[in-house]
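There are 4 protein chains.
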Amino acid sequence: MIIVMRKGHSVDELTGVVKFLETLGLRAHISEGEEKTIIGAVGDERLIERDKLLDLNGVETAIPILKPYKLASREFKPESTIIGLNGTKIGNGRVVVMAGPCAVESYDQVLETAISAKQAGAKVLRGGAFKPRSSPYSFQGLGRAGLEILARVRDQVGLPIVTECLSQDDVAIVSEHADIIQIGARNMQNFAMLEKVGKQPRPVLLKRGMMSTVEELLMSAEYILANGNYNVILCERGIRTFDTMTRNTSDIAAVPLLKSLTHLPVIVDPSHATGDRKLVPPLSLAAIAAGADGLIVEIHPTPDTAMCDGHQSLNLPQFSALMDQVRAIAQVVGKTL
Amino acid sequence: MIIVMRKGHSVDELTGVVKFLETLGLRAHISEGEEKTIIGAVGDERLIERDKLLDLNGVETAIPILKPYKLASREFKPESTIIGLNGTKIGNGRVVVMAGPCAVESYDQVLETAISAKQAGAKVLRGGAFKPRSSPYSFQGLGRAGLEILARVRDQVGLPIVTECLSQDDVAIVSEHADIIQIGARNMQNFAMLEKVGKQPRPVLLKRGMMSTVEELLMSAEYILANGNYNVILCERGIRTFDTMTRNTSDIAAVPLLKSLTHLPVIVDPSHATGDRKLVPPLSLAAIAAGADGLIVEIHPTPDTAMCDGHQSLNLPQFSALMDQVRAIAQVVGKTL
Amino acid sequence: MIIVMRKGHSVDELTGVVKFLETLGLRAHISEGEEKTIIGAVGDERLIERDKLLDLNGVETAIPILKPYKLASREFKPESTIIGLNGTKIGNGRVVVMAGPCAVESYDQVLETAISAKQAGAKVLRGGAFKPRSSPYSFQGLGRAGLEILARVRDQVGLPIVTECLSQDDVAIVSEHADIIQIGARNMQNFAMLEKVGKQPRPVLLKRGMMSTVEELLMSAEYILANGNYNVILCERGIRTFDTMTRNTSDIAAVPLLKSLTHLPVIVDPSHATGDRKLVPPLSLAAIAAGADGLIVEIHPTPDTAMCDGHQSLNLPQFSALMDQVRAIAQVVGKTL
Amino acid sequence: MIIVMRKGHSVDELTGVVKFLETLGLRAHISEGEEKTIIGAVGDERLIERDKLLDLNGVETAIPILKPYKLASREFKPESTIIGLNGTKIGNGRVVVMAGPCAVESYDQVLETAISAKQAGAKVLRGGAFKPRSSPYSFQGLGRAGLEILARVRDQVGLPIVTECLSQDDVAIVSEHADIIQIGARNMQNFAMLEKVGKQPRPVLLKRGMMSTVEELLMSAEYILANGNYNVILCERGIRTFDTMTRNTSDIAAVPLLKSLTHLPVIVDPSHATGDRKLVPPLSLAAIAAGADGLIVEIHPTPDTAMCDGHQSLNLPQFSALMDQVRAIAQVVGKTL
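Protein chains in written order, with the numbering used here: chain S, 1 to 337; chain B, 338 to 674; chain D, 675 to 1011; chain A, 1012 to 1348.
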């Protein structure tokens, strides 16, 4: 932490800051500039509550030097985390594509989708049993019945499944049925939920909040890691900006940035980022070209009749065509599907 | 809902849309423009899933005409909602100020604050027992012990208390101890939590998410109302923008806007909006001048030693001085404290 | 400037940074932390191009300590700047209200507006002769004829005039006719224009760009000051955010923030900030309550027939009623109209 | 235009709207819904000033159906615009890479860069003679001397040049020396400048403002087209969002979106979007994978000593390596370099 003193601070004020640091077991390294005095706090700056420093007399500002997350950082663990999943591996230099319908509607719908997805090269089946809806009057998903459909199809087709958990009360049952638990964008800072999924054994797919910085995403991952679950997959799914021509703005540069900051795998959701089927393939290719470890894509046998998000779902032949291009792009950046 | 057809659509495509609407019990009102054909959907447009419409062949876009919330709207209930609270009323043309420490630290701290706050004119005591922290390593609040301190001080000083509920698991215990349950900005779209607080009897203080629109805030209120709890207080607490000179950007114009759209009371949190003590008084006055029904302000007997957010807390004399100005501004806009 | 070295940097890399600073006439103050080495640059950090520092081997980041603007800062000039204008003074503890139509349409329209505005207490007449329009097909203003109408009404009614200059080519003619030259939000970083208005004698009303930070606004003011014109009035007019319920989001907390950072007067434009007539009065009152030195408000004798922005213009009785409330709020915060 | 009437509007108010439309030569198509009456305006809606409609009594809102730009739209001109440039063509299914230093520093620097860039496959040389700087105290570029260096290198190496015009006063001289005139992000809505470059013969590279929507970018292109210059290249260069981990947020999905809305070529600037050299290659590949017609990249023989933006510049071997990958990605999406 670097502490900048106000112009014209008193000696007592300077001494006050030094003592404050010493109380925490840190040392102060004072540097008198021409216009400002600055103090370097030597020791573990994570022990300092920055707000308290800011309240000491004479302090103008305090600038953290260390990152606020630790377990999630590449400095802490330089080698990339590889997450094993019944034979499929995520984060090991292959591109893993997860695909499936926005919402589980029926056994037949999920089965047909799963068979096609697997044929096209997908390694994980996605599907929503619990649906987060901004209106209390919208279709909220099939709930537990949806989970059972997913599990049945998984056993039949042989694709592991990822599905969202919406309520703390459902962590146990989702963990029991799914292979990966998804935490949606709106729950990225639901800290009670993060603790709960940190204490169960399934890998967690953590979606970036639409209002969250890259650093906050890593802090939320830190919550899960600090509770004992090291298998976290990060997912960039578009952030909210002033432009509303696309549903959200996909932050593709966040992919290589995250890969440099953390050892955790990073995938992209091109469907929610754009909300528009015709933009899903170009954005999928962009994500892989930028270094993503995978994709999570919405597909549907008959998007026109989908119970939700049909407008952004690819149909099965479209998905299959996309996979061919994904394969080719992966090769250019030194990966395989 | 207005449906705009693509240029050069076919007759079949037009018929498809008409049939789609009729299936839902609506009628189609076709209007052929010079460049575009548009269809007005006559009937309850809330029955239409917009995404499905967008997926019909020949459809370019679909524009909702009705607001997506109903119970929360002034059209539905023109007269303002007044929330009774042991004698104090919120939303009835008086300005209600809620004040207290960011975090409950000790019985003495809360007691001293409560006595001063009441003396200065505050009508509700705020204080955090459960603290939402972006780092798993930060102080997380005293928890249940904090609730008990708040309840004890309430009984002694005679101020109703408002405190945040962070976990679905704590809704019952917070409801038991507090007079108003606060839903924090990060949980504004935690729909499982919204349902739970909608089913308990205490009034709910719903904070706007830092990247949530005014409409989304109203939709989240709708969740609570639709579950049976009509006593919701909305709170503007700053939104996230590109400028980081203040912690958040206080959206003061949202106050009169909300007052025109909804019958629910609207208050402002100047402390979290700015994150800077010196900006709290001017923003508080601005909020009242703009028509807010109240404020929720962080105060502390000794902000320099506060366990969190001291930097944005007023000390007790500062709060008392602010209240004098709030009283004068309230009078100008036809209200009393 | 604080320079943070990468973990595991070499001695040569450290020496490289020290030499770089010495070349610029600064001294390096090295501080070895437990995890990081940091270097304080002692001397005038404005001499350092931060990008170059970032490119030196071993450097992780570089954090400026000083503000990038100087002439505009309160540290440089603690007493508030007061701008004289034929008897009217801006920035001296009075509230100055500028009012008038969005666009100059005719002599009669401007005359009627000016008489009413003066009667209600306005001290400056606003009116657009050159209109910035995002569409090349929209009404672009009366141009020079508009300037002449404004000047004629000024002479008759005795209100100084403020009007926007849209093109570098028009700086001379606007300077000749107007009492204050307005630089619009879209030109806030038109540096060639800023230099030109910095070299002419009229006070400049500089509007914050809708995408500009408070610091960038002050940097643009610095351009004008550095070119010799010390009479700059800053204007907060709403910034662009993710919420589109109001045209822009008025950043009211920026008013007290600016007042603490700079000696220049700060006013608020409630009309463009909201784009909605019914929100103009509450926002005007909020601005004055927050400490603004004035307002610039759009008014029109018959808003329904206005050639532009009628939807956000007050009619003359509405403006007069607003002025009564502005007067009362000003008094509460220790000012007069 | 769709006009939505307020609930409970009077017959007179409805008649007022109908008459208003008829005065403009449009017809009104009335549709009475269960909750709202809506009116479709039949005819050329570009004739309607929306603000005026909003001011008519009884009108709740008015929704445009047509796009506000015409000449720039694909509906107006379905085939893609191809811009010829001494043998090089932009927009014809090849990927065109423009490369060069942020600022022109010397003849030798530009010459060395140009030779390497050409060798690596670049088709256009970029370089700043006039530099937009937010501080009046920063290096502002070599000005006219810089233009002459660029022109001399162009003649020697045989690469056409693109350079930014910062001031209306310099349009003529930049047009005389450069092959493409660049309008920077901060001038995207400098309408006086847009008109001037619309009236000269060189192609224009129009950068998206950092807080401009895709639609506003197209409106600014419309200004240039409407003034007679049909050779406009659009450039996505990152927008400003709440996250500051990268300098700006590159909006990659805007590339395929723009390609669907307009016939104009679309390129991407990965250097300004990220402000970080290590993110430039992955973002460049992403842009091409998403369908961009080209890139504009900052390169420098010795980035560590660059006079500006060295931190985001690739050195020459890095650029050459990037071009090999660009070539491979281009092939996957059916293009050549």
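It should be emphasised that the hints constitute simulated quantities derived from the structure, not laboratory data.
From the three backbone atoms N, C-alpha and C, an ideal C-beta is built for every residue, glycine too.
A few of these clues could be false.
Unchecked claim - Once the Cα atoms are required to be at most 25 Å apart in a straight line, the calculated DSS-like pairs of lysine-lysine come out as:
1) K67/S - K681/D
2) K792/D - K36/S
3) K952/D - K1270/A
4) K344/B - K1289/A
5) K681/D - K70/S
6) K36/S - K933/D
7) K615/B - K741/D
8) K596/B - K1018/A
9) K615/B - K751/D
10) K952/D - K36/S
11) K1289/A - K335/S
12) K278/S - K1078/A
13) K710/D - K77/S
14) K278/S - K1210/A
Said to hold, decoys possible - Stretches of chain S that chain D covers, calculated by requiring three or more beta carbons in the stretch to come under 8 Å of a beta carbon on chain D:
15) 25-39
16) 42-54
17) 59-71
18) 234-245
19) 280-289
| said: Checking each numbered hint in turn, tell me which of them this model violates, lowest number first. | reply: 2, 3, 4, 10, 14 and 19
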